[in-house]
Every structure is written in C-alpha cells, then in structure tokens.
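Engineer: From first to last, the protein sequence lines stand for chains U and E.
For the first sequence, the numbering used here assigns the number 10 to the initial residue and increments by one for each residue that follows.
For the second sequence, the numbering used here assigns the number 27 to the initial residue and increments by one for each residue that follows.
Everything labelled a hint here was simulated from the structure, so no lab data went into it.
Wrong hints could be hidden among the right ones.
Unchecked claim - 25 Å max Cα-Cα, derived DSS-like pairs, lysine-lysine:
{"hint": "1", "chain 1": "U", "residue 1": "20", "chain 2": "E", "residue 2": "68"}
{"hint": "2", "chain 1": "E", "residue 1": "27", "chain 2": "E", "residue 2": "94"}
{"hint": "3", "chain 1": "U", "residue 1": "71", "chain 2": "U", "residue 2": "92"}
{"hint": "4", "chain 1": "E", "residue 1": "27", "chain 2": "U", "residue 2": "80"}
{"hint": "5", "chain 1": "E", "residue 1": "27", "chain 2": "U", "residue 2": "71"}
{"hint": "6", "chain 1": "U", "residue 1": "53", "chain 2": "U", "residue 2": "20"}
{"hint": "7", "chain 1": "E", "residue 1": "68", "chain 2": "U", "residue 2": "53"}
{"hint": "8", "chain 1": "U", "residue 1": "87", "chain 2": "U", "residue 2": "71"}
{"hint": "9", "chain 1": "U", "residue 1": "24", "chain 2": "U", "residue 2": "87"}
{"hint": "10", "chain 1": "U", "residue 1": "71", "chain 2": "U", "residue 2": "24"}
{"hint": "11", "chain 1": "E", "residue 1": "68", "chain 2": "U", "residue 2": "87"}
{"hint": "12", "chain 1": "E", "residue 1": "94", "chain 2": "U", "residue 2": "53"}
{"hint": "13", "chain 1": "U", "residue 1": "20", "chain 2": "U", "residue 2": "71"}
{"hint": "14", "chain 1": "U", "residue 1": "92", "chain 2": "U", "residue 2": "20"}
{"hint": "15", "chain 1": "U", "residue 1": "24", "chain 2": "U", "residue 2": "53"}
{"hint": "16", "chain 1": "U", "residue 1": "92", "chain 2": "U", "residue 2": "24"}
{"hint": "17", "chain 1": "U", "residue 1": "87", "chain 2": "U", "residue 2": "20"}
{"hint": "18", "chain 1": "U", "residue 1": "80", "chain 2": "U", "residue 2": "24"}
{"hint": "19", "chain 1": "E", "residue 1": "68", "chain 2": "U", "residue 2": "92"}
{"hint": "20", "chain 1": "U", "residue 1": "71", "chain 2": "U", "residue 2": "53"}
{"hint": "21", "chain 1": "U", "residue 1": "53", "chain 2": "U", "residue 2": "87"}
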Amino acid sequence: EAGVAQSPRYKIIEKRQSVAFWCNPISGHATLYWYQQILGQGPKLLIQFQNNGVVDDSQLPKDRFSAERLKGVDSTLKIQPAKLEDSAVYLCASSRMGWSREQFFGPGTRLTVL
Amino acid sequence: KQEVTQIPAALSVPEGENLVLNCSFTDSAIYNLQWFRQDPGKGLTSLLLIQSSQREQTSGRLNASLDKSSGRSTLYIAASQPGDSATYLCAVRRTEETSGSRLTFGEGTQLTVNP
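Just chain E, with the same shape it has in the complex (with noise of 0.2 Å):
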C-alpha cells in the first residue's frame, strides 16, 4: 500500500527566503507526482506535475524534482512571499491502469511567510 509522507508539517519563514519542502513516498512504481496548493476553505490548485521519467519540473519560482528510486520530491520556493502561504500536497498516481489514475496524498505541509 502507498503512503506519502510530507516534511516538515508546518514551516514559518521570513519574506524573501528561499524554502524547501519534502515528500517521500514508499512505493516507488509511480506514473506521475503532483504538487497541490491548498487555501484555507478552498480547494486544491495544481502547482507542478513530474511524469516518472521526469527529473524536474519548474514554472515561475516553483521548482519541483522527483527522484523514483529513492522514493522522493522536493518542491523548492524561491524569494518566498507572503501570498504563497497556504498548505502545500504532494501527492502520487500508480502504475497500474486497474487501479485507476487514484491520486494518494500526503498530509501536507503548512507553510507561512511573514512579512
């Protein structure tokens, strides 16, 4: 059974700093890897997709990066800004078409940037 963790559960970081987010994940057979953003009381807005056979992904200052056989990702913030506070998932597909294309997610981590 996959499972997804994400480190750390909660970041505070002053303005302008760059930030790095983890996410690891125990079966490494995967299709893709998404990273979500969250809002309080919103719902989920896709930041990056990494296909399997990708190393890294990048739009704007968002880079994220994917290393299969270990079983992990990273997304990294670049000169972080108070908008970009909110709660940040990753989350998994599986290989196998019979299971669907059935995201598992990790718990996520909540990040706040102070002005």
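Just chain U, with the same shape it has in the complex (with noise of 0.2 Å):
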C-alpha cells in the first residue's frame, strides 16, 4: 500500500510571499490531518479534515492560513502572506474513519522563509 504523499519536499520563499503544499492520503483513509513541526519541537496539529469537512482548526491561524480538501482525497494548505516564524516542516498524516484510528504520516515539506 502506497504511503502518504507531499510535495514539494522543500520550498525558500521570501517573507509575504505566498506558498502552497499539496498532500495524497493513503487509499481509503477518510481523515487527513495537517500538522506543523518547528525545529526542536513536537508537531503541532493544524486542521484536522474527515472527508472534505473540517473537524478540527483550532490551532490554524486563520489570518494567514487556509486549507482545502476537495472531494475529500487531496488537500492543499496555503501560507499568505508567509512571515519567518512559519520556517518549519509541514506534515500531512492520514488514517481510517474514526477518530482514534492510528495515523500515518507523509515526509513532510521543509519551508524556509527569509
């Protein structure tokens, strides 16, 4: 069975400029959840999607942040505009309907703001 997928695996952009990740879940798993892991520290969950329909966005910062899940297989999340303290890696996980199914995680996307 194939993993999760992310691309791109790195990205340098300039402050204020804006930056998208993309993510392929796992076949069949309907929870895909976003997480942002800053250097020496744990991940930290963005947004939590079940289908295309958002369970969790707590911790999103929605002024900057957003992220989409069309047709509840891929997602996207985008940075706009990108400030140096977003510089971390950006996971994508997946697991099966339940909530407390295990999740599997993606490589993950090194971002760099400068």
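Join the two chains into one complex using the hints; note that each chain is given alone, in its own frame.
Structural biologist: Next comes the structure, spelled out in structure tokens:
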C-alpha cells in the first residue's frame, strides 16, 4: 500500500510571499491532518479533515493559513502571506474513519522563509 | 491544556545497551498514547500504540508501558543498534470526541547509538 505523499519536499520563499503544499493520503483513509513542526519541537496539529469537512482547525492561524480538501481525497495547505516564524516542516497524516485510528505520516515539506 | 514532556532531550549510548525513554503527560484523561520514530529529514514512523485500557505493548526489541493514573509512559529499547539512532516522539490523544483525534506531542528524545 502506498504511503502518504507530499510535495514539494523543500520550499524557500521570501517573507510576505505565498506558498502552497499538497498532500495525497493513503487510499481509503477518510481522515487527513496537517501538522506544523518547528525545529526542535514536536508536531502541532493545524487542521483535521473528515472526508471534505473540517473537524478541528482551532490551532490554525486563519488570518494567513488556509486549507481545503476537495472531493475528500487530496488536500492543499496555503500560507499567504508568509512570515519568518512560519519556517518549519509541514507534515500531512491520514487515518481510517474514526477518531481513534492510528495516524500515518508523509515525509513532510520543509519550508524556509527568508 | 495537555502538556507532554520527554526526558532526556538527548541520549548517547554504546551499541548493545538497553535503554529507557520517558514520557509524561499532565492530563490523565487520554484515549491512547503513541510512540513514533523520526529520522532526519523524514516523516514520522509509528512504533507502538497503547490504548488507555492497556498497560504495555511490544514489538520486537521495543516495549512501551503506560501508567495512565500517574501520567507516564516509557519506551524500552533492548540491545540497541546504530540503526536505532533517531528522534523518538510520544503523543497522546484526548478522550473527548468533540476535540477530534488531535495528537499532542512531546518535544522528543534524540537518541544516538554509537558503534
């Protein structure tokens, strides 16, 4: 079974620019998560989707971050405009339906904001 | 608010040693606890998942225990190998369904096993 796919793997942008990340979850996984991992810290959940509906976005900085999951499969996470403090690894994870299910993570996208 | 702490932050051991990584959490109302491994530049690999009703889980040379009442978990690695070098993260999931299945992570223990 193919794992969680993410692209790009690396991105360097200037502050105030926009950037978008893409995630393709494991086939059949209804739940998709985006996490932010700042260097030296554990991942922090930004947003969770169940199919194409948002379950939890309480930690998403909505003034600059947005995410969508059209058709309940792929998802994109956008930052507009980026700040220096957004430099981090953005991890996508997926799990089967049900909030207790084990999460499987993609390789992440490393974002550097200059 | 749930807080997860991992001690030590870094650990260096010679090959062959048995070792213990510690994880503590402030809110004992958890549904389960998961241990992950993270290699440099890579995503997270799930190692073990312990439900709140369980006391331990084993996979190969790894054994994870859970004491929910005291808010502690340990990951025991037997006969460590250089390939075990990585950052180990623990994460807890809350019980309230309205909070979704958010995992709260610790900051990790960076393990180095020297040949």
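Engineer: Taking the earlier hints as the rules, which of them does this structure contradict?
Structural biologist: 4 and 18
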